[in-house]
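*Asks:* Here are the chains, one letter per residue:
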Amino acid sequence: MIAVVKTPTFDWEALAPIVALGGGMVVALVLGLLPGRGGRFLAVLSGVIATGIAIGAAVLLWNHGVQREAIARSVVIDRASLAAIVIASGSALTGILLAARAHGTEDAGHGETTALILASAFGMAILASANDLVTIFLGLEMLSIPLYVLCASHVDRTASLESGLKYLILGSVGSATALMGLALLYGATGSMYLPDIARTAGDSDLQGLIYPGVALLIAGFGFKLSLAPLHQWTPDVYDGAPTAVTAFMSVATKTAALVVTARLLLVGLGAEDVRDLWEPILLTLAAASIIIGNVGALGQPGMKRLMGYSSIAQAGYLVAALAVGAVGALLAYLAAYAVSTLTVFAVVSARESERPELGDDISALDGLAKERPLLAWLGTLGLFGLAGLPLTAGFFGKVAVAGALVNADKAWLAVLILIGSIISLAYYAPPVIRMWRTVGPDAEEASDEPISVTSTPSGAPNLAGGATGSAGVVAPVPTGLRWEVALIGTVAAALVLAGGLYPDPLLNLATEASAALFGVQ
Amino acid sequence: MTGVLIALLAVPLAAGFLGLLGGKRVAPLLAVLGTTAAMVFALLLALEVNPGDHTAAVDLNSTWIPSIGVSFHIAIDGLNAVLVLLTTFVFAIGTWWSLRDPELATPSYLFLLAIGEAAVLGAFVAQDLILFVLCFDLMLLPFVLIAARGAGGDGEFSIGPVLLLLVYTLVGSLLMFVAAVGLAILTAKNTGQPVTFDLAALYGATLAPSTQRWILLAFLAAFLIKMPVVPFHGWFPGAYRTMPLPALAIFAAILSKVAAYGFLKIALPLLPDAVVDWRLVLVILALVSIIYGSLVAFTTNEPRLILGYSSVAQLGFILLGISSLDPAGAQGAIFQSVTHALVVVPAVILLALVSERAGGVERLDQLGGIAKRAPVLSALFLVVVLCWLAMPGTGNFVAEYLVLLGQWRVAPWAAIIASIGVVLAAAYALRFMIGAMQNLRGAAVPEHGVDIGGFERGLLALSIAALAVVALVPQLGLRPSDAASRNAVYPARSLYESQKKAGGDEAVAGVPAEDQESTR
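Protein chains in written order, with the working numbering: chain S, 1 to 521; chain R, 1 to 520.
If we strip away everything but chain S, and leave its shape as in the complex, we get (with noise of 0.2 Å):
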């Protein structure tokens, strides 16, 4: 006797970029067990395909302005899960390509590497359009599972191990909590999906579950964003693991986590009573994380726990703006944090790989102007978009939070903001500053004098005391520069600047987007 189930409506056209990844989790798998260079590229290869059609469906979807529940009733596609489904997929395939020939993933296997990145992307994609409690729980452990395997797969580096146990323990605990905040949540309301609880979210009876169940989940999602003061894992994660994995994780975690939670708090828990209390509890977080953040990165040695600090702060503009409701501002600034970060990535991964013995370090980008004229620009259009100078996306994405701040009567969290952004002039500028300088210990004299330069016949051996990072492992032989991994930084930055030149679009569809996410009721 077969038991009779009945089975949901897929929508399949809806879901198709979700499907996309899913499918090149499992295409990359099988291509990756092919032996040899083959192998490695048809994996990567399937990878790349895999995250071009999630974007060219997810942009597809978004022209045909779909809105509509796509698994019975718990996931729901509409243009800001889009929006978060082509960031993610965005900086899967620019994890994938800068996984592609690294040392670091070398030995993990490519198949794996690049299947695990989409398996993460795929969960990012399902949180980001969960529509109920359950599917919200799946969404967060398929995104983080693939993450703690990914963040220990330098296995010949102890640093990329305990990054990869430090995730796993800690981002289990944030999961925990998460999961305790969302039983409580349907304790309270009996409902799983998201529009009911919002009808019943408002009544006074349920304070006593629906607080803390609120309380816990902004600590468990505090996690996954990297909010002070629950951010102590972050440093030492991003540092420790492999740079690809850092660039995919720093952005697509970030921009799932907050989609899935400017969802849940805005239109599951958007009722007044319930508003009055994640309001200065995300404000308090937003201003916690700024301040840290900011202060952190300062004279971090290496790229990645500069990044990693850096992320914290980013991640406190970010959540002040979705703090207020103005998810537009929060998707424009997102866009600008994602392609700013992932050009930076690009960057650091081009020259660990060209300079082996230092890592990310951050003297490894002396002189780089010099010698990489194009990593340069590149690095000083992302580092120079990461603190919101003008010309970059940045900037306008930061005018637009703290535009929504002031229109909110919250001017003094704009004012932290801007004071946050001088702060982290003092920590961007100085890798800029060493790509474009031409003296390092390299060259004695200054070299701005016209007519006499000085050179010193004895020229280089002073770098190998310098040695960092490599934990007692023979320094892997520099390569040249990876062409791919310039394609991409080349297309993030060009897009750092031209949403720095004109910005209209990307506020536009911001706009858009948000008004998409609280359409769903």
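Don't take every hint at face value.
Derived EDC-like pairs (lysine to aspartate or glutamate); straight-line CA-CA distance at most 20 Å [unchecked claim]:
id, chain 1, residue 1, chain 2, residue 2
1, S, Lys410, S, Glu279
2, S, Lys166, S, Glu141
3, R, Lys24, S, Glu371
4, R, Lys372, R, Glu447
5, R, Lys24, R, Asp101
6, R, Lys372, R, Asp451
7, S, Lys370, R, Asp101
8, S, Lys370, R, Glu103
9, R, Lys372, R, Glu456
10, S, Lys410, S, Asp273
11, R, Lys189, S, Asp409
12, R, Lys24, R, Glu103
Ranges of calculated distance between the beta carbons of each label pair, as one might list FRET restraints [unchecked claim]:
id, chain 1, residue 1, chain 2, residue 2, range
13, R, Pro194, S, Ala72, 39 to 45 Å
14, S, Asp409, R, Leu29, 53 to 59 Å
15, R, Gly393, S, Asp504, 50 to 56 Å
16, S, Leu501, R, Leu29, 22 to 28 Å
17, R, Ile6, S, Pro229, 48 to 54 Å
18, S, Pro478, R, Leu462, 46 to 52 Å
19, S, Ile419, R, Ala427, 41 to 47 Å
20, R, Arg25, S, Glu357, 30 to 36 Å
Sample of chain S residues lacking proximity to chain R, with all beta carbon distances greater than 12 Å (derived) [as the list claims (entries may be wrong)]:
id, residue
21, Trp62
22, Val155
23, Gly270
24, Ala287
Hints listed in this document are in silico derivations from the structure and should not be mistaken for laboratory results. Glycine is no exception: its CB is placed at the ideal position from the N, C-alpha and C atoms.
Keeping the supplied structure of chain S fixed, place chain R upon it in accordance with the hints.
*Replies:* Frame of chain S, contents of chain R only:
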């Protein structure tokens, strides 16, 4: 002519970018073409200006970011025409001179200079507050990256000066950005119109004096730091020391002028009440800069810093002219911007030529005796120095005279103190000349020197020709800004005069009583 206006901004930028793509061979050629073309465009545009008319001669207004009320509105008018022409000239000379040193003039460097040129020109022609602020911030960045070339040595400390340059000046700029946004939003609230950053719309609606004050404070932070004016000059010695000389020539000549221009374009017309309230503060800052800058320029042994501190003093004159709120003073300020820039460029070039002849040494106490070994260099040096110290008959003299005249009309005491600066200028400029060129042969100067070659002579001749033009026909530089500078100071000027009538001596001293604000 709007096409020319766009080409003015786009062509040097495009040339720089193509040079970046094209590589080492074509980049210098394209840079020469781009800067020359910009100069031609600027000349064409300047010819359009009608001296009797303060409205824009060439005007281009197109949407840019409608969602936040920012438009791409640029124009050439009497106020900026001469400065635009000056900018293209200075960038052309600076860029051409950079090409002498192939190590320096990489495609990236030339593209950075092109970005700098486009940004400075953009700031001058901007008729939208956000566009101005963006360009004002942006013009700094290429020079930071160029200065970073010289951020030498090992360890973190050595990048300090460059970092200081970036952070110090950007702090002011960020504050200005916030103030600009606040100004537009508050104006929109007052008028009930949607938010716009178009200056023409903002000129019409002045804010309450109490609001104006904090907004002016933020604008001052940006302008006074960038100029720099004395208590805010901490960033510049380090930046001057690290920047390659050709870039320094441009940086010292042009970037500070954008700040001075900002006073006339933004601060005076938009915030007249606050400017009148704080006029005395500005006058005192200007005087302190003049005296302090001149004194340090007289004592330091580093030629770069002599130039730097003398610029501080000259910028003090410019600020003095602006803060007189007098059309003559304002015109003098614009003209002084031109003449100072025209002096600084050959002065930096001369400094470089001198230090090349002394094995790269830039210490006044080790130079000397070059005049005998390089007579042409020495003669050109003398011409520049005479303009620098504002000998009667030079354009610089006309400018300083106008500034002092404007200030004399409102506060004779300030004009008297400032005239000490004119005397001190002679002292430090001649000391530089004597120390570098005459005297006995310095320790760093070799026995047998060579004079300068044809390329250097040509460049210097061009710069000196420009100096001669402003000396012989100062009207060329002055007349275009006739009506425009009158218009720029008018709101503050009329306010100041009405206060003076109402408040008597108190207002003259610059500390009006609170109740005078209601008299407007």
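*Asks:* Now tell me if each hint is right for this structure.
*Replies:* Verification of the hints:
1. Proximity of Lys410 (chain S) to Glu279 (chain S) is assessed by CA-CA distance (about 11 Å); at most 20 Å being required, the pair is judged to hold.
2. Proximity of Lys166 (chain S) to Glu141 (chain S) is assessed by CA-CA distance (about 16 Å); at most 20 Å being required, the pair is judged to hold.
3. Distance check on the hinted pair: Lys24 (chain R) and Glu371 (chain S) sit about 13 Å apart at the alpha-carbon level, within 20 Å; holds.
4. Our distance criterion of 20 Å between C-alpha atoms is met by Lys372 (chain R) and Glu447 (chain R), whose separation comes to about 10 Å.
5. About 12 Å separates the Cα atoms of Lys24 (chain R) and Asp101 (chain R), which keeps this hinted pair within 20 Å; it holds.
6. Distance restraint check for Lys372 (chain R) and Asp451 (chain R): the Cα-Cα separation of roughly 9 Å lies within the 20 Å cut-off, and the hinted pair is therefore satisfied.
7. Taking the CA atoms of Lys370 (chain S) and Asp101 (chain R), the gap is about 15 Å. The hint holds against a cut of 20 Å.
8. Annotation: proposed proximity of Lys370 (chain S) to Glu103 (chain R) holds, straight-line Cα distance about 10 Å (limit 20 Å).
9. Of the pairs offered as hints, the one joining Lys372 (chain R) and Glu456 (chain R) holds, with about 18 Å between alpha carbons and a cut-off of 20 Å not exceeded.
10. A threshold of 20 Å between alpha carbons decides the hint, and for Lys410 (chain S) with Asp273 (chain S) the separation of about 19 Å falls inside it, so the pair holds.
11. For the hint pairing Lys189 (chain R) with Asp409 (chain S), the CA-to-CA distance comes to about 15 Å; that is within 20 Å, so the pair holds.
12. Restraint check for Lys24 (chain R) and Glu103 (chain R): the C-alpha separation of about 10 Å stays at or below 20 Å, so the hint holds.
13. A beta carbon spacing of about 44 Å between Pro194 (chain R) and Ala72 (chain S) agrees with the range 39 to 45 Å that was offered as a hint.
14. The beta-carbon spacing between Asp409 (chain S) and Leu29 (chain R), approximately 56 Å, falls within the hinted interval of 53 to 59 Å.
15. At roughly 53 Å, the beta-carbon separation of Gly393 (chain R) and Asp504 (chain S) lies within the given 50 to 56 Å, and the hint holds.
16. For Leu501 (chain S) and Leu29 (chain R), the Cβ-Cβ distance of about 26 Å falls inside the hinted range of 22 to 28 Å, so the restraint holds.
17. Checked against the hint of 48 to 54 Å, the C-beta distance between Ile6 (chain R) and Pro229 (chain S) comes to roughly 51 Å, which is consistent with it.
18. With their beta carbons about 47 Å apart, Pro478 (chain S) and Leu462 (chain R) fall inside the hinted range of 46 to 52 Å.
19. In this structure the hint that Ile419 (chain S) and Ala427 (chain R) lie 41 to 47 Å apart at CB holds, the actual value being about 43 Å.
20. Take Arg25 (chain R) and Glu357 (chain S): their Cβ atoms lie about 34 Å apart, and the range 30 to 36 Å holds.
21. Listed as outside the interface, Trp62 (chain S) is consistent with that label: its C-beta sits roughly 18 Å from the nearest C-beta of chain R, beyond the 12 Å cut-off.
22. Chain R leaves Val155 (chain S) outside its interface by the beta-carbon criterion, the shortest separation being 33 Å against a cut-off of 12 Å.
23. With a cut of 12 Å on Cβ distances, Gly270 (chain S) stays outside the contact zone with chain R, its closest approach being about 24 Å.
24. Non-interface status of Ala287 (chain S) relative to chain R is upheld: no Cβ of that chain comes within 12 Å, the nearest being about 18 Å off.
When each numbered hint is compared with the structure, no violation occurs for any of them.
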